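A.B. asks: Given next are the chains, with one letter for each unit.
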Amino acid sequence: MSNSIITIDNLSKSYRNGRTEKKVLHNISLSVLPGQIIGYIGPNGAGKSTTVKILAGIISDFEGEANVAGYDIRKEPLKVKAHIGYIPENASLYETLTPMEFLQFVGQLHGLDLAKIEDKASKLLGLFDLKQNAHDRMNTFSKGMKQKVLIISGIIHNPDVIFMDEPLDGLDANSVIVVKEILIQLAREGKTIFYSSHIMDVVEKISDRIILINQGIVIADGTYAELSQGKEVNSLEQLFTVLTGKSDHSQRAGDIIDILEQ
Amino acid sequence: MVKFILRLIRPFRKLLEWAGVNYPQFEVILGAKLTMDNRKMLGNSSQKKTLKNAMLMQVLIYGIIGFFMSTMLIRGSSALFFFSTIFFSFIMIMVIMGLISEFNTILFDTRDNSILLPRPIGPRTLLFVRIMHIMIYLMLISLSLSIIPLITFVSMFGVAAMLLLLVDVILITLFSVFLTNIIYLLLMKMTTGERLKDIITYSQIVMAIIFMGAYQLMPRLAENHALISSFNHVQWWMYLVPPFWMSASLTPIVNGGFNLHSSGFLLLSVAMPLIGLWLVNSVLAKNFNQSLSTLDQGDTKSDKKKDKAETSSLVNFFSRICSYSAEERVSFTTIWRIANRDRKFKQAVYPGLGYVFIIIIMSFVNSRTPLSEIGETRKYLILIYAPAFILNVLIYTIRYSENFKASWIYQTIPVQYPGQLISGAFKAIFSQLFLPVYLVVNIATIYFWGYSVIIDVIYGFCSILMMAYVMLMVQPAAFPFSDERSSEQSGRNVMISMLMLLAIAGMAGLHYLLVTLNINLLFVLPVILLVLFLLSRKYRLTPWSKMVKVN
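Residue numbers (the numbering used here), protein chains in the order written: chain A, 1 to 262; chain B, 1001 to 1551.
Just chain B, same shape as in the assembly (with noise of 0.2 angstroms):
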């Protein structure tokens, strides 16, 4: 395999060798690189195969999305400009987006700065190895996106429209992979290694909330053909947006009327990636290796304030209310200042933040009532248990860390229950990101509904704490933020996340049948307070016996 895709590649020689590659060393890297990247995905360890699992996903969900692309092109040649505008923007956004959450640590890893940048290996080889190495997984996203819809121009337009939008995927990545490229080159000269980790942070959580809900908005739009007709113009600023150079471009060649706004979109198309590549190339190469090195050294100064802010007044006043014990308070406290600082378990966290709002503008979007009426729906039930899909990333994220080895300390602690340790993470996790969520939440429940929606919002909340409890009392007690994260994706993961999904709707579900039944919750909330001190006092008890060891 990795043979194979070198000698893709080597065709290429002369161009990377004319960008001030050199090609023996770059062939060497880089052949490394995969082989270990082919090395993590085959084998029969559990680990391995979720890897391959998640990619062989990966490429099935893209090709469920170019599907649902596809679809816009059922009204035949005239939304073709439509469709193709969309298909190379979602392209771009893809490829952009995944530079920056997966790949970005292929760009900028500096683990192997000890290995590779004491020899003799120019900037631009190393960062065009780099480039390369990211390319073949972007290359893989774009095909993927892109096998559906050249099935359907071969059976609608004919083999060399198909051809040729195969060229137009290739070069819009091509462009997409130096845009962001030439962003992260002048960032990494404008900023330091700390900044720019944390706008990579942002990123990949904006990403990840795009993604989630494109996958939602691509059925609806293909549906919408008011939207698709009024597509049919040129428009001087189309110049400006990259995925019209294709779309304008391809659409006359593939129907006919072909002009000078066109050989203008074409020429676009393909300078412009060319353009990309010197750009990178001349400009912001020459000093990678330097940049790279200087990465790790981060500024630490500029967190200071907001650490001690963090410190102060709000943690101390959650903290003192939510904890029974020293032991719980300072789990509480210390728990809360790492999640808002672990930049990993931002990235595993916050889409989930994202992803609430769009389960509940979704079902607000699909819905039929309109929004004067809604006041007389059940649908408030949507909004107070739509944030528990939060509670369901929050407890299986909470154990891990890319710093799981400090987890050590916990052996070493004279506490009698270790309860009270997870129990204040837990309470800190869920101060911190569940209960800001809801709040927002049910304020536009209790705006919309009325005053008499309150009690539902607070027998919805206990009934989220109650399940919660359940939850992380099913599963072995680990300490927060002491396993490593690359068992994330296993079986057993998705299994508590099904469970738990399952009992929000089962809760949300009796929480229904009371309202319907007439049966006043003020008569059930008592139970419910006495099930959750319970489970909680349990959790917080939690004996040496039952923790997971600590590596």
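So here's chain A without its partners, still in its complex pose (with noise of 0.2 angstroms):
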């Protein structure tokens, strides 16, 4: 599709592991659009970091074709670097320092003048309640301050496209709230939003389409009413587990029970 803000044409990656080769991503391809929130989900292992990896120009050596808000990642990662933000799983931050001067720093990085940006972060920091934080050092936050810090550093130069790996990790419910509800606005101005998540709850509430990934191989791609047409489910979980194909949970869950009582 030409309008598309993001598309991937037969997208594969391996890690080779001494001789041994795995292949994470088979063949991938897939287009979105300007303003959609994409529900990225698939089990552990099953490629999502690594595909978010490469579309946001972390990892370099992949095969196929890939462009981002109408670069080529390939020839021209800072063109889109400075087009997108991304929020990684399990993300560190430079402990030692306080939230504004990290978010002084990316800003900074990010081409954005220093007082916009101290005006900026002094506000997002407020909205996520960390504004009597602001001064302070990370090296004692709990992981969801770190979490949001890491947010705001992922949307403070208002990218076109955000990336987002398990965004939510530690956050508690009132900020997960804020989030959801952030990116539902954000997505009505025209962003995109490329949301890898394990928590299907929201996933299944934020998203205008859920692309489920399994060993590396796109298996469904569509609305969550598209997707559960024709099946017994109530919930993107359970649709999860149908097409996964992953149904025996009670059965493990008894033995595990068996094992513990033995």
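No lab work stands behind these hints: they were computed from the structure.
Do not take every clue at face value.
Distance ranges between label pairs, derived from CB positions [to be verified]: (1) B/A1032 <-> A/G170: 41 to 51 angstroms; (2) A/P43 <-> B/E1402: 24 to 34 angstroms; (3) B/L1522 <-> A/K131: 53 to 63 angstroms.
Every value quoted in this text rests on a predicted model; they were computed, and no experiment measured them.
Every residue, glycine too, gets a C-beta built ideally from N, C-alpha and C.
Two chains, two frames, some hints: make the complex.
C.D. replies: Laid out in structure tokens, this is it:
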């Protein structure tokens, strides 16, 4: 599609471990329109984070083609990075810095004016209930507090596309609601959200389109309504179970209890 | 090995149980910790080999220091009191400082809090596991220091005297461990985690400087006969200084002349380690688990003022005059802040700062030139080039951090030349750590040698900076604080270090040659400045393809 903001064509990626090579992505092709919220889901080790890292320009050795925000990732990675925000999974921060200092650092490297960064950062930190911690070093922050700083650092430069890898990990319930609402409102303004997560409940509620990946292959792509059509499921969680072919959960739980009681 | 160590400890089971330790739990936890240590050490990977070699090297260095101390005994039994006082003092300093520098991580390890604290383990068991774990390594230090003195004792005074020395070594080690633990546990009661970590960091720096200084000083002390002779009478204040308890009781037993004073010292040397054990156990161990769990809870508020001050004029001033682009400035400011706050970075770099002064002091102490005539010599070149030692440490330390995973951020930013970021980082640590040392040292140079050496100071500064750029460029370009510190001791760093030291010596040699040949440095300076400009530009324009991929 010509007006797509993300296009992936035959994307493959392998990791070499000694003499063996493990292929984690198998010829993935898809395109995303501006303003869409994509819920990118799959079991552990399915290749979700690898896809996100390739699209964010972090992994550069891959096969196939990938374009983001109108630029070829391989040829113009800096232009891609200027138009995207990336919120990684389990990300670390320079914890001896304060949130304000970290946001100044990131913002300035995105070419923002210092005064503007300080103003935006201060307001955003306030909205995430971190105003009183804006000048505290982050080494004593809880996981959720760090995650909030990370989210702000991914959106402070107002990117066109936001890649999120488990962004709600560690956040309290109120913050989860705020982030969900932010994503919905950003999408309304034309921003594209590529949201990779295990939390099915959130994906189901916010996504316009759900892409399910398993063992490096896209096995389902569509809206929740489209994907659940003809299947006896009440939630994305149940749909996920059906699509990934793992429906023996209660049997497994029973086996575990049996072992414990031995 | 683990089983052997555990078997060695088993005879003390009753004593430990008397102290309130659950011995089966104690043995299980200690066994697991020693097994983990052992696995770090055994195997074939280069890192494991390096660890093993580092440990052997440590034993060897302590052995050599022990040898130097033994040479004090060349004067025979009259030097015994002096020798044993120095020897026990050194063991005490090394044990206390070792406990502060390396082994505090074992005592205050909060990483296994989530594993151990939810289990039914008493605070005394947990504390004594940690103390014993540390004691095993500290005994290794004490015994490596003692190998040569013990052999010397056998040959000079017989086996009984040697055994007596060994018992005293164990007693002073035990006393030092308990003394340090008492201080630590009191500190834990009085201060919060962050403050305590700061105190520990600075103690570690002092320890490293003492160690380096002692290594230089010990052979010279051994040669000082006048000092040795002055050390023959018991004074009242000696009762207050622990190493004297051992030396003032050991000497009369070996040399004869045991009296009331000697028995007082003997009593103290045996009783004080036991009193230390009782104090640790009965007064301070009770809340150890609780203190451990609060250790992670820091006080960020206390740093606010300092952080704000640091972000203001000074950093901005330096970043403005040193940076060519906005990117370089951002990196300068951020790295300045991190370098100023990262404890591990300080631990690695600050001892180097101390060592610069030790090099300078030692080279002048050894010199036979009186201070009044020093202006006639060309020794100012030592002052000009000695601070370059710190650059060597800075260049390979800047890439390491415990927080190295945070460097993912560099992969996400749209900067055309990452060289601007590494250049800004280098300039930040250069201005923060090298520049002040260089200025302080060379104000002294100008004071002693007069204004005529100003041009030498400027020339030296430029040639050191030029060499630093060469060193930065011959190694893979890495983002600051982007690598794990465990690889710090790899052979590559040793090689860079050696290269850098050779290069500094070469530059100092060239400087000496120019001065000797009476070539005016003003003619050479423009060439150095041009090379410096070209090098710094090339470094600033390092492309992404040359960067080491971050983790």
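A.B. asks: Against each hint, give a clear statement of whether it holds in the structure.
C.D. replies: Structure-based check of all given hints:
1. Distance hint check: the CB atoms of B/A1032 and A/G170 are about 30 angstroms apart, inconsistent with the given range 41 to 51 angstroms.
2. At about 32 angstroms, the beta-carbon gap between A/P43 and B/E1402 stays in the expected band of 24 to 34 angstroms.
3. Separation of B/L1522 from A/K131 is about 57 angstroms and conforms to the stated range, judged on CB atoms against 53 to 63 angstroms.
Checked against the numbered hints given earlier, this structure breaks only hint 1.
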